[in-house]
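Colleague: Chains as they are written, first to last, in our numbering: chain A, 1 to 116; chain B, 1 to 115.
Watch out, some of these pointers could steer you wrong.
To be verified - Label-pair restraints from in silico Cβ distances:
(1) B/R15 - A/G62: 43 to 49 Å
(2) A/K77 - B/I12: 38 to 44 Å
(3) A/K77 - B/Q41: 22 to 28 Å
(4) A/S70 - B/T20: 44 to 50 Å
(5) B/T20 - A/N12: 37 to 43 Å
As the list claims (entries may be wrong) - Rough simulated footprint, nothing fancy, chain B against chain A, three-plus residues with beta-carbon under 8 Å:
(6) 15-27
(7) 57-65
(8) 73-82
Keep in mind the hints are simulated off the structure, nothing from the lab.
Here a beta-carbon is modelled for each residue, glycine too, at the ideal position from N, C-alpha and C.
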Amino acid sequence: AQSVAQPEDQVNVAEGNPLTVKCTYSVSGNPYLFWYVQYPNRGLQFLLKYITGDNLVKGSYGFEAEFNKSQTSFHLKKPSALVSDSALYFCAVSTVLTGGYNKLIFGAGTRLAVHP
Amino acid sequence: DTGVSQNPRHKITKRGQNVTFRCDPISEHNRLYWYRQTLGQGPEFLTYFQNEAQLEKSRLLSDRFSAERPKGSFSTLEIQRTEQGDSAMYLCASSSGPGAVYEQYFGPGTRLTVT
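The following block holds chain B by itself, in its conformation from the complex:
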């Protein structure tokens, strides 16, 4: 399968712990996005990478969140000192071209539950 992959698929953690998620985009895609989806809502944009550069961050991405994309390949999203409000599905997407015309391909997501 050459689609976008995400690991882990599910993560249960206690409040205050740190968690890290990984996304492997489609290999030829140099654009990578993170979204967060809560129950009953559509995905909300978190951050955008073009190659290894993080070019845009949403105000939803508080100081406890950090994302990286070393060498422009896979990406990681880390949440420090998790809170119950962080419970959500975290989606990664990638695309092959610039601008608005190229569709984004999504991974299966990582479901985070903070207890």
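In isolation and in its complexed conformation, chain A is listed as follows:
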């Protein structure tokens, strides 16, 4: 079965420092991986995705993610954190349902707290 794990409930980082939010996955076949961010009282916002090609994927708001097939990981990164990056981050894998359509399977989420 397809699954996603986010091993850290919370990540704390000082403003200006680099940040990493970890994600590992388990899929059969090729992985299609996504990162979403959720701010309070708002829906999930798409950040970036990996489908194929370059292992380093660049996304919105200066975020990037590194796909590592051997470690089955898709960690989210940013070179310099901002206080406004504080939010809940979800990693997701897209799995194909019978009939060819897909659904997203999400991890439990990681709360990122960036301190001034």
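Mind docking chain B on chain A? Use the hints.
Modeller: Coordinates of chain B only, in the frame set by chain A:
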């Protein structure tokens, strides 16, 4: 704003009552999804529509839940005889293409509290 919209944003109801939520997807998106998110968890898939056809339902969607998408536009999710365990955030998402490569765009959600 041309994003996904959901109404109401918040709903408080007493156990045993019926509730209905509405989702308006991005206008050119023919694929629509419902997810449920409980506190401390990631969203869980409930059901999928392609145009007006409901093509997939999760086992999480008990007989008390029903979803429709008339004419392939907006969608409604109804919960009958609500239970306290139904308290959650109900999220709607839409996408423009098939398969795994098209990202889903989410609405702000409807937070349901069953007392």
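Colleague: Are the hints correct? Go through all of them and say.
Modeller: These are the hints, each one checked on the structure:
no. : hint                      : in the structure
1   : B/R15 - A/G62: 43 to 49 Å : holds (46 Å)
2   : A/K77 - B/I12: 38 to 44 Å : holds (40 Å)
3   : A/K77 - B/Q41: 22 to 28 Å : holds (24 Å)
4   : A/S70 - B/T20: 44 to 50 Å : holds (48 Å)
5   : B/T20 - A/N12: 37 to 43 Å : holds (41 Å)
6   : 15-27                     : violated (count 0)
7   : 57-65                     : violated (count 0)
8   : 73-82                     : violated (count 0)
Hints 6, 7 and 8, counting from the list given before, are not met by this structure.
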